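S.K.: Residue-level listing of the chains:
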Amino acid sequence: MSTATNDESRARGKAPAGERIADWADGRLGIYSLAKANMRKIFPDHWSFMLGEVCMYSFLIIILTGVYLTLFFHPSMNEVEYHGSYVPLQGQLMSEAFNSTLHISFDVRGGLLIRQIHHWAALIFLAGMFVHMMRVFFTGAFRKPREINWLFGFLLFVLGMFTGFTGYSLPDDLLSGTGVRFTEGAILSMPIVGTYISFFLFGGQFPGHDFVARFYSIHILLLPGIMLGLMVGHLILVFYHKHTQFAGPGKTEKNVVGMPLLPVYMAKAGGFFFLVFGVIAVIAAITQINPIWAMGPYRPDQVSTGAQPDWYMGFAEGLVRYMPGWEINFWGHTLVLGVFIPLVLFGLVLGVIALYPFIESWVTGDKDEHHILDRPRNAPTRTAFGVAWVTVYMIGLVGGGNDIIATHFHLSINDVTWFVRIFFFAGPVIGFIVTKRICLALQRRDRDKVLHGRETGIIKRLPHGEFIEIHEGLSQEQLHTLTAHHQYEPAEIGATVDENGVERKVPAGEKLRAKLSNAYYGEDNQIPKPTVEEYKEITSGHGHH
Amino acid sequence: MKKLSARRRHPLAALVVLLLALAATGGLYAAFAPAGAAQADETSQSLKIEQGKKLYEVGCASCHGTGGQGSSNGPSLVGVGAAAVDFQVGTGRMPAATTEGPQVVAKKNIYTQDQIDQLAAYIASLGAGPSVPTKQDYDPAGGDIAKGGELFRTNCAQCHNFTGKGGALTKGKFAPTLEGVAPQHIYEAMQTGPQNMPSFPDTTLTQKNKQDIIAYLHAIDSPETTQPGGMDLGGLGPVTEGLFAWIFGLGALIAVAVWVAARTAKAKKS
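In the order they appear, the protein sequences are chains A and B. The first sequence begins at 70 in the numbering used here and counts up one residue at a time. The second sequence begins at 329 in the numbering used here and counts up one residue at a time.
For the record, the hints were derived by calculation from the structure and aren't laboratory data. The reader is advised that the hints may include incorrect statements.
Stated by the list, open to error - Residues on chain B that point at chain A, a partial pick, calculated with CB under 10 Å:
| no. | residue |
| --- | --- |
| 1 | 472 |
| 2 | 482 |
| 3 | 585 |
| 4 | 587 |
Treat the numbers as computed from the prediction; the structure is a model and nothing was measured. We treat Cβ as the ideally placed atom computed from N, Cα and C, and that holds for glycine.
Make the full structure from the sequences, and use the hints.
M.R.: Spelled out as structure tokens, the structure:
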């Protein structure tokens, strides 16, 4: 193909430079066929579909600023005396890691700004991933065929948490040192293996001389490397599956309605990158984050009040803060349940949300492909479960900040802790019930709107004195959007008696599944959407209802 | 009278009544509140103690007992020293209301410095205790800031936070912020250990140590301190930072996303 074009263009004179470069590249990389397949890829437009982009861009910003920081950071725990320009620390002994972080903050050109962009972008990256994950959850975008991509995203979130943790531990300041000590405590609480893992991780007794260097290679190489790979995989899968879309006229399970990647989406996404960078840079320029100079160098004999981790670890901090300090002693061994149970809960709470897509598809028996998103109200049980999960998570955050909440709202820290303890159990239950009722009420409202139209607010008085409000029928598009969702039947327990009349033993799993399935799709757990017959019956007899 | 009843439904009537009521309460309060009258010019110690005793009987005796021996409502003041009086009264903590919450908090001081000195002289006369420090003792200019920082992180930060922003204690009690507290009062607090605070007498933290700590706090918390890197969000650490990142960081980005998504390329609408 390229030879033919070359002959033609030679006949008409030289082709433009761009075309020649493209031809050159195509001969070696085969970009034409790639571009042909992907340039017209369609992406639907909705603001919530851009949350993932926020994450991707803040991740890129973190990598770019992180590279700059590695040029000046010394991952070493050798003790040095500080002689930099920050007066309140001059003459203090500190690790080289802390010393070089002070150097970056006060003596490297642009160092403090880059440090603050790096750290703010990290907080926003994690917050973005959380919200993105919730968007995917509440719209049911994790359903087949996207379960693996859900797991990729979940892993990115968890790895992001640990990348953040290893990152803010690097400056070896008093706050982060306290956090590393906390982590050591959590590791030590593991029965049998705890002490071994702790000695392995720290190269001996805490804090030792190794952990900064070790955290450094984990923070700048191992975890970001895995995350970058996962992110690319995540994007490839988005391309492969095509993006989901909300129901609407002309949108089916077989098409994608939106704008092409090139030029529209490329321009929008490219511009959005700079907007994200701009917002983060402005925040970093005007707002301090992690002022390690104010916290001082880490010494295991010092500690400050108000020592919290960054927000994404706050949920773990909270679990430990509101757990009663139980412990069991036997045969000279101590099992610190006050720390070990929170550690287990930490894994459980995260694990449940990771496995949710598989749980739901098992319960509901739904093995179909889904490209049209659910409105959260149309999946009341899932939405309610999601709200319950978020409630547990947020209660953990409140527990993690119990002292700050106590001092700033003039409360007793004991009361805050008891509130959190009670709501750790009651919160998700209340959240579940309330959300489910709201979803069902919204479904009823949708049904009402479809059958009786929109309330116009115009009151009419009839000749015999009765007042009625005029309802206006919805447009065809609106009717479609409100009724496009598929409603499932609950899975039943199969025949309990076989053809010979012999009773079959129903496995417990099957009973459980039938029960749970009923909770999803049974009577009273979803409002039947209006049928065509109902709609016709009501609209034909206009004025009689 | 008719005029009055005709206007009692005037829209401004309520406002007038409110103003009258406020003026009446304020006037009564001013008339009966303990007046800051006694201005003793005498420098003689015994006269000072005499004056202090009078002030004590009015403001303190109901809880601390007529001779400072204490009661069920307040501890004995024998041997607490002049420094404790200067701190407690100077920061407005004493006299405390009878309905204080979990702990007595700093409020507006209603005594003049002369009156506080008189009270201090009287209390000091009840039993030997730490005296009020002199300016040389606590002048931030004479302290070693870096050493003070180290001492602060070792001895104070557990309750008062890295930079003295305060923190929570049990059952609604708290370590207050050290921002804007006079160097003299910080010195006296360390010396005497008010309320939940442990005391750091000269055998634990020498005068020089205390001065270093005051110098450190002056360097990081005074109005002249510049914050490298912008707003410090209260200096409370990751909780406020996280909240800020969610509300202003992610909030702004979502607003931007909504804006970008709304500005779609206008396809030819058929």
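S.K.: A separate judgement is required for each hint: does it hold in the structure or not?
M.R.: Evaluated hints:
Against a cut-off of 10 Å between C-beta atoms, the interface hint on residue 472(B) holds, since the closest Cβ of chain A lies about 8 Å away. For the restraint placing residue 482(B) at the interface with chain A, the shortest Cβ-Cβ distance is roughly 5 Å, inside the 10 Å limit, so the hint holds. Hint on residue 585(B) holds. Least Cβ distance to chain A is approximately 4 Å, under the 10 Å limit. Satisfaction of the interface hint for residue 587(B) is found here, the shortest Cβ-Cβ separation to chain A being roughly 8 Å, below the 10 Å cut-off.
Consistency with the previously given hints is maintained throughout, with no hint failing.
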